[in-house]
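**Q** Now for the letters of each chain:
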Amino acid sequence: MSGFIAGLCVAILPLLAAGFWLGRRTARPENLGGLGTPVEHATFETLHTASLAAPPLRAGLTEETARKSARRLRSLLGTDALCLTDQKDVLVWDGVGGHHRTEIMELLAGPLESGRGEAFPLTCDTPDCPVRWAVVAPLTVDDRVHGALVACAPRESAVLVRAAGEVARWVSVQLELADLDQSRTRLIEAEIKALRAQISPHFIFNSLAVIASFVRTDPERARELLLEFADFTRYSFRRHGDFTTLADELHAIDHYLALVRARFGDRLSVTLQIAPEVLPVALPFLCLQPLVENAVKHGLEGKADKCRIQITAQDAGAEALVVIEDDGAGMDPVLLRRILAGEVSPSGGIGLSNVDDRLRQVYGDDYGLVIETALGAGMKITARLPKYQPGVHSAGRLTRE
Amino acid sequence: MNSSYAVPAVALVVLATILVGAFGLRISRTTSDFYVASRTVGPRLNAAAISGEYLSAASFLGIAGLVLVQGPDMLWYPVGYTAGYLVLLLFVAAPLRRSGAYTLPDFAEARLSSQAVRRLAGAFVVGTGWLYLRPQLQGAGLTLTVLTDAPDWLGGVIVAVVVVAIVAAGGMRSITFVQAFQYWLKLTALLVPALFLILAWQGDGAPRHAFDEPATFREQRVVRVDGTLNLKLDRPLTVTVSGTIDGRSHDDKELQLAAGTHHIEGGTRLTFAKGAEVPEPDRSANGGLSPSQAESRGERPLYATYGLILATFLGTMGLPHVVVRFYTSPHGVAARRTTVAVLGLIGAFYLLPPVYGALGRLYAPELTLTGDADAAALLLPDRMIGGLGGDLLGALVAGGAFAAFLSTASGLTMAVAGVLTQDVLPSRGVRHFRLGTVLAMAVPLAASALVGGLPVADSVGLAFAVSASSFCPLLVLGIWWRRLTPPGAAAGMLVGGGSALLAVAATMAGFPGSGALHALLAWPALWSVPLGFLTMILVSLATPGRVPAGTAAILARFHLPEELRAEVKA
Numbered sequence: 562m563s564g565f566i567a568g569l570c571v572a573i574l575p576l577l578a579a580g581f582w583l584g585r586r587t588a589r590p591e592n593l594g595g596l597g598t599p600v601e602h603a604t605f606e607t608l609h610t611a612s613l614a615a616p617p618l619r620a621g622l623t624e625e626t627a628r629k630s631a632r633r634l635r636s637l638l639g640t641d642a643l644c645l646t647d648q649k650d651v652l653v654w655d656g657v658g659g660h661h662r663t664e665i666m667e668l669l670a671g672p673l674e675s676g677r678g679e680a681f682p683l684t685c686d687t688p689d690c691p692v693r694w695a696v697v698a699p700l701t702v703d704d705r706v707h708g709a710l711v712a713c714a715p716r717e718s719a720v721l722v723r724a725a726g727e728v729a730r731w732v733s734v735q736l737e738l739a740d741l742d743q744s745r746t747r748l749i750e751a752e753i754k755a756l757r758a759q760i761s762p763h764f765i766f767n768s769l770a771v772i773a774s775f776v777r778t779d780p781e782r783a784r785e786l787l788l789e790f791a792d793f794t795r796y797s798f799r800r801h802g803d804f805t806t807l808a809d810e811l812h813a814i815d816h817y818l819a820l821v822r823a824r825f826g827d828r829l830s831v832t833l834q835i836a837p838e839v840l841p842v843a844l845p846f847l848c849l850q851p852l853v854e855n856a857v858k859h860g861l862e863g864k865a866d867k868c869r870i871q872i873t874a875q876d877a878g879a880e881a882l883v884v885i886e887d888d889g890a891g892m893d894p895v896l897l898r899r900i901l902a903g904e905v906s907p908s909g910g911i912g913l914s915n916v917d918d919r920l921r922q923v924y925g926d927d928y929g930l931v932i933e934t935a936l937g938a939g940m941k942i943t944a945r946l947p948k949y950q951p952g953v954h955s956a957g958r959l960t961r962e
Numbered sequence: 382m383n384s385s386y387a388v389p390a391v392a393l394v395v396l397a398t399i400l401v402g403a404f405g406l407r408i409s410r411t412t413s414d415f416y417v418a419s420r421t422v423g424p425r426l427n428a429a430a431i432s433g434e435y436l437s438a439a440s441f442l443g444i445a446g447l448v449l450v451q452g453p454d455m456l457w458y459p460v461g462y463t464a465g466y467l468v469l470l471l472f473v474a475a476p477l478r479r480s481g482a483y484t485l486p487d488f489a490e491a492r493l494s495s496q497a498v499r500r501l502a503g504a505f506v507v508g509t510g511w512l513y514l515r516p517q518l519q520g521a522g523l524t525l526t527v528l529t530d531a532p533d534w535l536g537g538v539i540v541a542v543v544v545v546a547i548v549a550a551g552g553m554r555s556i557t558f559v560q561a562f563q564y565w566l567k568l569t570a571l572l573v574p575a576l577f578l579i580l581a582w583q584g585d586g587a588p589r590h591a592f593d594e595p596a597t598f599r600e601q602r603v604v605r606v607d608g609t610l611n612l613k614l615d616r617p618l619t620v621t622v623s624g625t626i627d628g629r630s631h632d633d634k635e636l637q638l639a640a641g642t643h644h645i646e647g648g649t650r651l652t653f654a655k656g657a658e659v660p661e662p663d664r665s666a667n668g669g670l671s672p673s674q675a676e677s678r679g680e681r682p683l684y685a686t687y688g689l690i691l692a693t694f695l696g697t698m699g700l701p702h703v704v705v706r707f708y709t710s711p712h713g714v715a716a717r718r719t720t721v722a723v724l725g726l727i728g729a730f731y732l733l734p735p736v737y738g739a740l741g742r743l744y745a746p747e748l749t750l751t752g753d754a755d756a757a758a759l760l761l762p763d764r765m766i767g768g769l770g771g772d773l774l775g776a777l778v779a780g781g782a783f784a785a786f787l788s789t790a791s792g793l794t795m796a797v798a799g800v801l802t803q804d805v806l807p808s809r810g811v812r813h814f815r816l817g818t819v820l821a822m823a824v825p826l827a828a829s830a831l832v833g834g835l836p837v838a839d840s841v842g843l844a845f846a847v848s849a850s851s852f853c854p855l856l857v858l859g860i861w862w863r864r865l866t867p868p869g870a871a872a873g874m875l876v877g878g879g880s881a882l883l884a885v886a887a888t889m890a891g892f893p894g895s896g897a898l899h900a901l902l903a904w905p906a907l908w909s910v911p912l913g914f915l916t917m918i919l920v921s922l923a924t925p926g927r928v929p930a931g932t933a934a935i936l937a938r939f940h941l942p943e944e945l946r947a948e949v950k951a
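Sequence lines, in order, name chains U and G.
Taking my numbering, I'd label the letters of the first sequence as residues 562 to 962.
Taking my numbering, I'd label the letters of the second sequence as residues 382 to 951.
None of these hints come from the bench; they were simulated from the model.
Please read all numbers here as calculations on a predicted model, not as lab measurements.
Where is the CB? At the ideal position from N, CA and C, for every residue including glycine.
Treat the hints with caution; some may be incorrect.
Claimed, not checked - Output of the computed footprint for chain U on chain G, the stretches with three or more beta carbons under 8 Å from beta carbons of chain U: (1) 420-432; (2) 481-492; (3) 498-509; (4) 707-716; (5) 794-803.
Given only the sequences and the hints, what does the whole structure look like? Please build it.
**A** Here's what the structure looks like:
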């Protein structure tokens, strides 16, 4: 018998887990127990319904978000039917009397134009149709009418007109927030586009100077360096796609290091430790090279002897772990925090804060850079890159093997 | 069997696994070796890694055991296990790689942009992983029992502890090298003893009646029956009994057992004369917990065989630990090449277990009576060669068997723990991954302690059935059908995979069904896979408004080669 129970457990556990999750998703804090008076109960109930209706609307006014929120809004207003429209069409009709859809759209022409709420009697051939009056409240964002909320009731009611107006204003606020979200996303996208292909002008100048110094003494070396330079700039100036693979990014770093080594010679030693499993990971374009550039700068800053840089890429389950470490001058953590917060502009280059912003933007705030440093103690930068993130795809493969 | 060689061999395998896992990557390179340091994993290395992770206890021990007990019909198992990769190659490998998904839930999210379907897929990954882990632990327990007379549960616990420790400590960092190493280890561990065994068989005059029915004893042999057993005899049998049979106690007495069913108490010793036929145990009247799939297979061999073929052909693509390895391939074409290489490597490996099964029928037929048929590969070297050579070869097989448990179990544990950490446990972080690892292993360990008796290869077959009924429709329709919708995918996985899961649970729990019903539950793939496909298609067609936006672009990304995609965008 124990076997039977165990077998049952094995099968039912995943189902239980799914059930638990569903339960948590749909749980409503209904049983507040003896907490508060009936009035407070009603307030809690209303606030809770409103909070449930908010998340879908935060994604803007579409058929799907309207469908998800209409039921909550109707229970908020307590009417027989509620409908959300955009400027041309009924997005969703929740409740009875769906045959009034076309009539509503005809009646809406006025309020959508004027942006003022109104109440209309509805004409209906069905004798026992429960909806006789429609209260229209426009949804406005930045003084522009985006659509309307229509509440239908059996009779005219001033209370309903007032309530519909308030709910419509609340919905409008959510839509405004959605608008704000969108413009924020657009802004960051524009920022990424503006920032992504910026390689440091100093670097271009220095590289060309180094190559020039080799042209007479060692033309062959100069030619090689020019090719490295060409490869690196081709990579950084490419226009398609915001993402690349770790393998491609590492190759770009290799070209970069070749040019830097030409300038600093033996003073720079770089070791690599790369797990081949993580090479196909997709990541934002040019987001490791600035870290290496930063390590080179800090490593060589203010000292005459050698600088060691260690680049590690590890496989860690569903993530890749990239660590870039130098044994240079380090940095005051307080100053670094201010630079990352955008309060102080760093001395030259867009470097760390830009990479940090982009990683957070793409993968979420959990995936910002982790930097360990102190004055004179070198710097260790850790970046965590998820192997899969919706929307992150490397744009084709460029490395030919 | 002499354990003085086997235990060090097992310890050595465990140690080597840990060392390669931890230090495989510790070779630092300077920038001048840049191209060496950042070379992607080639198809051959990745194929060895996939094969290493895939060849589990079921392949290493289970197939030999089944062939021993039930003869050449069981060769469908290795064929199915291999052919699963053919289906994977044809329909899934390259598009799956191009989707950029690391795990199966990732794929669900990438294709259908739905968190709900993602979580459901995660639940099935956990379910399949647990079903697949249980026989690994069971096999480990059996191996250790055969080697050292340790209690049943000890081997499972050792493997569980080692795997949890390695995975939780992040010791699988260079997993490709570890798993590739395990493949070659497993191949060696079966190939070398097999060569010696074949030589011994040649020296024995190469008897060819391996698959004669019924099997016979080639020499006088004492068999100790550990559990209570019913013997079904078709004709009278002469045997020397020391113990209790049919309720009467005997002490070293020669008996003539009449045709019919005889009840033998546990602890009885039977001595069979040379040339005696091996009687067939009758497990149906056993009343115990071990539901024999063999029985329903015996009744409906055609149905059972088709059920097995469908489950293994279509189930391979849904194994969570196999799918993640394809991510290592740099692009879709490499994923295809890898799969072709996997077919070769696995095909070569699967030539060996049937050899052990056939030789087992000749030289250790009494294993069918004691229920330890899965131990055939471990016992044969000692039985056929004996002496120091036999001990050493036995130790090699034992080491290989532990490599099989370790590699598959660690891959599965990582996959299950990953899903638990990402989609089930509340927040993220290293500590949660460790918690997830412990949870991923604890459940199958508890289950293997409670449920016993199913042959290793059969229980793995059940995991394949669940995977085939839930993930095969999701992957195949997701890749090849543009009208798939999130509700359709969720419903298909729930109905197909859920019904297969229930059937499997009923089978493992020893559901006292008989006849057609029992066969249906023991081999669910034949009805649950079409059910899953049908539900997914019908519900998708019924919800045409829910086809995710951008489906055309997503499918184009799945199917277009990467270079072309870059050009199109440029």
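**Q** Decide, hint by hint, whether the structure agrees.
**A** Each hint, compared with the structure:
1. 420-432: holds (count 3)
2. 481-492: Contact hint for the segment 481-492 of chain G vs chain U: holds, 7 residues under 8 Å.
3. 498-509: Since three or more residues must qualify, the claim that chain U covers the segment 498-509 of chain G holds, with 6 doing so at under 8 Å.
4. 707-716: holds (count 5)
5. 794-803: Satisfied; 5 residues make the cut.
Hint violations for this structure: none, all hints satisfied.
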